[in-house]
Amino acid sequence: MRRFSWFNVTSLTLGFAFLYLPMVLLVVYSFNESRLVTVWAGFSTKWYGELLRNEEFLDAAWVTLKVAVFSSTIATVLGTMAAYVLVRAGRFRGRTLFSGMIYAPLVMPEVITGLSLLLLFIGIGLDRGVLTIVLAHTTFSMCYVSVVVSSRLTSFDRSLEEAALDLGCSPFEAFRLVTLPIIAPAVISGWLLAFTLSLDDLVIASFTTGPSATTLPIKIFSAVRLGVSPEINALSTLLIGIVTVGVITASIVTKRAAVAQARDEQAAERNE
Amino acid sequence: MRRFALITVPYFWLLILFLVPFVIVLKISLSDVALARPPYTPQLDLSAGWEGLRAFFSELDFENFVFLTTDDLYWKAYVSSLKIALVSTLLTLLVGYPIAYGMARAPNEWRPTLLMLVILPFWTSFLIRVYSWMGILSNEGTLNTVLLWLGVIDTPLQIMNTNTAVYIGIVYTYLPFMVLPIYSALEKMDESLIEAAEDLGCSKLAAFWLVTWPLSRNGIIAGCFLVFIPAIGEFVIPSLLGGSGTLMIGKVLFEEFFSNRDWPVASAVAVILLLILIIPIILFQRNEQKAREAEG
Chain A
1 MRRFSWFNVT
11 SLTLGFAFLY
21 LPMVLLVVYS
31 FNESRLVTVW
41 AGFSTKWYGE
51 LLRNEEFLDA
61 AWVTLKVAVF
71 SSTIATVLGT
81 MAAYVLVRAG
91 RFRGRTLFSG
101 MIYAPLVMPE
111 VITGLSLLLL
121 FIGIGLDRGV
131 LTIVLAHTTF
141 SMCYVSVVVS
151 SRLTSFDRSL
161 EEAALDLGCS
171 PFEAFRLVTL
181 PIIAPAVISG
191 WLLAFTLSLD
201 DLVIASFTTG
211 PSATTLPIKI
221 FSAVRLGVSP
231 EINALSTLLI
241 GIVTVGVITA
251 SIVTKRAAVA
261 QARDEQAAER
271 NE
Chain B
1 MRRFALITVP
11 YFWLLILFLV
21 PFVIVLKISL
31 SDVALARPPY
41 TPQLDLSAGW
51 EGLRAFFSEL
61 DFENFVFLTT
71 DDLYWKAYVS
81 SLKIALVSTL
91 LTLLVGYPIA
101 YGMARAPNEW
111 RPTLLMLVIL
121 PFWTSFLIRV
131 YSWMGILSNE
141 GTLNTVLLWL
151 GVIDTPLQIM
161 NTNTAVYIGI
171 VYTYLPFMVL
181 PIYSALEKMD
191 ESLIEAAEDL
201 GCSKLAAFWL
211 VTWPLSRNGI
221 IAGCFLVFIP
231 AIGEFVIPSL
241 LGGSGTLMIG
251 KVLFEEFFSN
261 RDWPVASAVA
271 VILLLILIIP
281 IILFQRNEQK
291 AREAEG
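Here the protein sequences come in this chain order: A and B. Take the first sequence: its letter number 242 is residue 242 in the numbering used here, and every next letter is one higher. Take the second sequence: its letter number 261 is residue 261 in the numbering used here, and every next letter is one higher.
Among the hints, a few may not be true.
Chain A is faced by these chain B residues, among others (derived, beta-carbon under 10 Å) [unchecked claim]:
{"hint": "1", "residue": "Leu6"}
{"hint": "2", "residue": "Phe122"}
{"hint": "3", "residue": "Val171"}
{"hint": "4", "residue": "Pro280"}
If you only want the chain B side, here are some residues facing chain A, beta carbon under 10 Å, derived [as the list claims (entries may be wrong)]:
{"hint": "5", "residue": "Leu17"}
{"hint": "6", "residue": "Ala100"}
{"hint": "7", "residue": "Leu175"}
Calculated from the structure, these hints are not laboratory results. C-beta: ideal position from N, C-alpha, C; glycine also.
Let's have the full structure, built from the sequences with the hints guiding it.
Structure, rendered in structure tokens:
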């Protein structure tokens, strides 16, 4: 049995303190009575109240949620299609360009992606707002989805699909009945990744939005530019809480699914 | 037929929303700034036919690129972005390696939890993680308050709005990108190799330097590129934590576009930034390729 050595305990403790202390302080000061974020003046939840009464923040939160739901859903469909093309479609004209366009947005600086999309939207005379942010977010997050999904597609046994086709399934039925259930965990994590990327994005949204739509990151950015404020701390605490609950739930669900799958596979092997 | 549709839809999406915009950036970077809507010239006039097309191409030139080389601000911004990205990548390696090492050598039942603890911040908003340092580093911030109270310093340290704050911000936000590849390299390593080295007379440090470090090299290189590449074009960190003296190209581009409304120069800045990034991206892909081949 392996144990922790003192060196490893020290490096892990310091490392995780560095990772988590700033966020802990952020949460603690969101319950501070004083407007000065650095002086502790007693426990209070008044900033949460102020936040919920702030129409601008609520509007921005609603816009952000809409954009994230639409863009991540479209991105999941397109990204899964793209992954399928990359892994299964074999050779076709322009395949190199296609895979290049899938991987390039992953390493592209956000300022460039944002700038180029804005110039496109202006060029074709599209009014900037929710629609243009959705288009922009879909474009970069579909690439993340396709990377996640294609790694799952490469690892699974292709003969299962072929068996379904031999047994009389149409290609679409084979996909829906065999492939999709197997790659479902990757598709779901792709959707979650796309959703988080969209919720989080400041730079591309700033370029592609117009006066009619302000997202939460844009709102937060313009507020914190002027300095630290307890409302933003309260908002951050809520967002951190939602993400933590979401990630932990997702990991428990995938763990259960993995256990169930391992059990099924063992049962199948016993039956053979 | 179905295969055709399957390929066409994502293909055209990316063509129209990824490739075409770049062609537009390239085109505008060769145009001149003008007091018009949109604020650049020449405009492509397709109704004029072949003549219009020729007139359009004859007016494109490299003036903006020449301007970038003559104006100090821009090349200094590129150099300073590269410097900041390089220094913070090395700092991230310094902070990240011991964490990855500790995780890889932790008891098996602890590893999923530790992995989760590294990944969790990655899912939390980037903007919020950068913001959390504003309350710590400012003159009346937590760090200065604690240090004053301890009597380590007499006057508050000016960290906020300096390059130091930018380094801290980059190390903090990109740390998971460094830790995860190094961890996966170290985790795969056969630990009996270290025992063998020690049996053969290596000290613990020598065994680390001669065995562990080279075996984790692919992870280190991957981690460094994953931090270095996005750090060059970073915008949020320098604009929130950096000061007026912090020059980074992402910030310059953003301001050139929104404050000065000089679209041609902003586009030229973007084109050069892309050219600079191509080298590390190709090196990174080579490294990944080699790692894959080594594995099987």
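Quick rundown of the hints versus the structure:
Annotation: interface hint on Leu6(B) holds; nearest CB of chain A at approximately 6 Å, less than 10 Å. Satisfaction of the interface hint for Phe122(B) is found here, the shortest Cβ-Cβ separation to chain A being roughly 9 Å, below the 10 Å cut-off. The interface hint given for Val171(B) holds, since its Cβ lies 9 Å from the closest Cβ of chain A, which is under the 10 Å cut-off. Given the 10 Å rule on beta carbons, the hint for Pro280(B) holds: about 9 Å separates it from the nearest Cβ of chain A.
Because the smallest distance between the Cβ of Leu17(B) and any Cβ of chain A comes to about 4 Å, under 10 Å, the interface hint for this residue holds. Hint status for Ala100(B): holds, given a least beta-carbon distance of 9 Å to chain A, under 10 Å. With 10 Å as the threshold, the beta carbon of Leu175(B) comes within range of chain A, its nearest partner Cβ sitting at about 7 Å, so the hint holds.
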